[in-house]
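Undergrad: Spelled out, the chains give:
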Amino acid sequence: EAGVAQSPRYKIIEKRQSVAFWCNPISGHATLYWYQQILGQGPKLLIQFQNNGVVDDSQLPKDRFSAERLKGVDSTLKIQPAKLEDSAVYLCASNPAGRNEQFFGPGTRLTVL
Amino acid sequence: GQQVMQIPQYQHVQEGEDFTTYCNSSTTLSNIQWYKQRPGGHPVFLIQLVKSGEVNKQKRLTFQFGEAKKNSSLHITATQTTDVGTYFCALSQARAGGTSYGKLTFGQGTILTVHP
Chain A
1 EAGVAQSPRY KIIEKRQSVA FWCNPISGHA TLYWYQQILG QGPKLLIQFQ
51 NNGVVDDSQL PKDRFSAERL KGVDSTLKIQ PAKLEDSAVY LCASNPAGRN
101 EQFFGPGTRL TVL
Chain B
1 GQQVMQIPQY QHVQEGEDFT TYCNSSTTLS NIQWYKQRPG GHPVFLIQLV
51 KSGEVNKQKR LTFQFGEAKK NSSLHITATQ TTDVGTYFCA LSQARAGGTS
101 YGKLTFGQGT ILTVHP
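Protein sequence lines, in the order shown, are assigned to chains A and B. Numbering (the working numbering) for the first sequence: 1 to 113. Numbering (the working numbering) for the second sequence: 1 to 116.
Worth flagging that the hints you see were computed from the coordinates, not collected in a lab. As the structure is a computational prediction, the values presented were derived from the model and not from experiment. Glycine included, C-beta positions come from ideal geometry on N, C-alpha and C. Honestly, I wouldn't trust all of these hints.
[As the list claims (entries may be wrong)] Interface residues of chain B toward chain A, partial, derived using beta-carbon atoms under 8 Å:
#1 GLN48
#2 SER52
#3 LYS103
#4 GLN108
#5 GLY109
Starting from the given sequences, assemble the full structure and let the hints guide the process.
TA: This is the structure in structure tokens:
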């Protein structure tokens with residue numbers, strides 16, 4: 001079974017630029033999550049999708065972050081414009097219906113200069 | 001929302017020594033999960049504990065959930081260099097009625113270093 005796919009793996013941008021990350025969850029997993037992991041901290045949930053609907057985006061900085069999962073499969077997370085404090089690893093995770101364990105992708109390491 | 005305190009933040013051990021990390025909450029938890037993240041890697045699920053007083057062993061790893069469901073621990077016996085990484089506990093957010101819908105709140109993690 002293929003795991004959660006993410007791209008790109010690394011991205012370096014300057015502040016005020018825009019960036020987008022892509023995630024393809026494990027086939028059949030209805031729930032998809034985006035987490036932000038700042039160095040030395042645990043992952044923090046940004047947004048949770050159930051199919052193509054948003055379940056929780058309470059911790060998403062909506063003035064600059066947006067995410068979509070239009071067809072209920074893959075998802076895109078965008079930051080526009082980026083700030084220095086957005087430097088982090090952005091992790092995508094998914095889980096199948098009825099199970100709580102989450103399967104994480106390799107993450108995208110974002111550096112904002 | 002619910003939060004969890006994880007201690008210690010760092011632990012250095014010699015290979016063969018034991019290691020324990022603790023997770024504490026001020027509120028009763030519906031369940032707790034543990035994840036391991038290798039350096040440069042992503043979190044990997046280890047276990048979910050649900051029952052009060054639950055003890056679960058996976059080879060050299062022993063997981064416990066407190067009787068009051070407010071704390072949990074992970075104990076590794078005779079550490080190996082392959083145990084290096086950060087160990088996170090994570091709370092699964094319970095919705096009304098007590099069933100979880102999957103949102104995880106992670107502790108800050110315990111970074112384990114094993115010296116050969």
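Undergrad: Hints numbered earlier in the text: which of these fail when held up against the supplied structure?
TA: When the structure is compared with the hints, only number 2 turns out to be violated.
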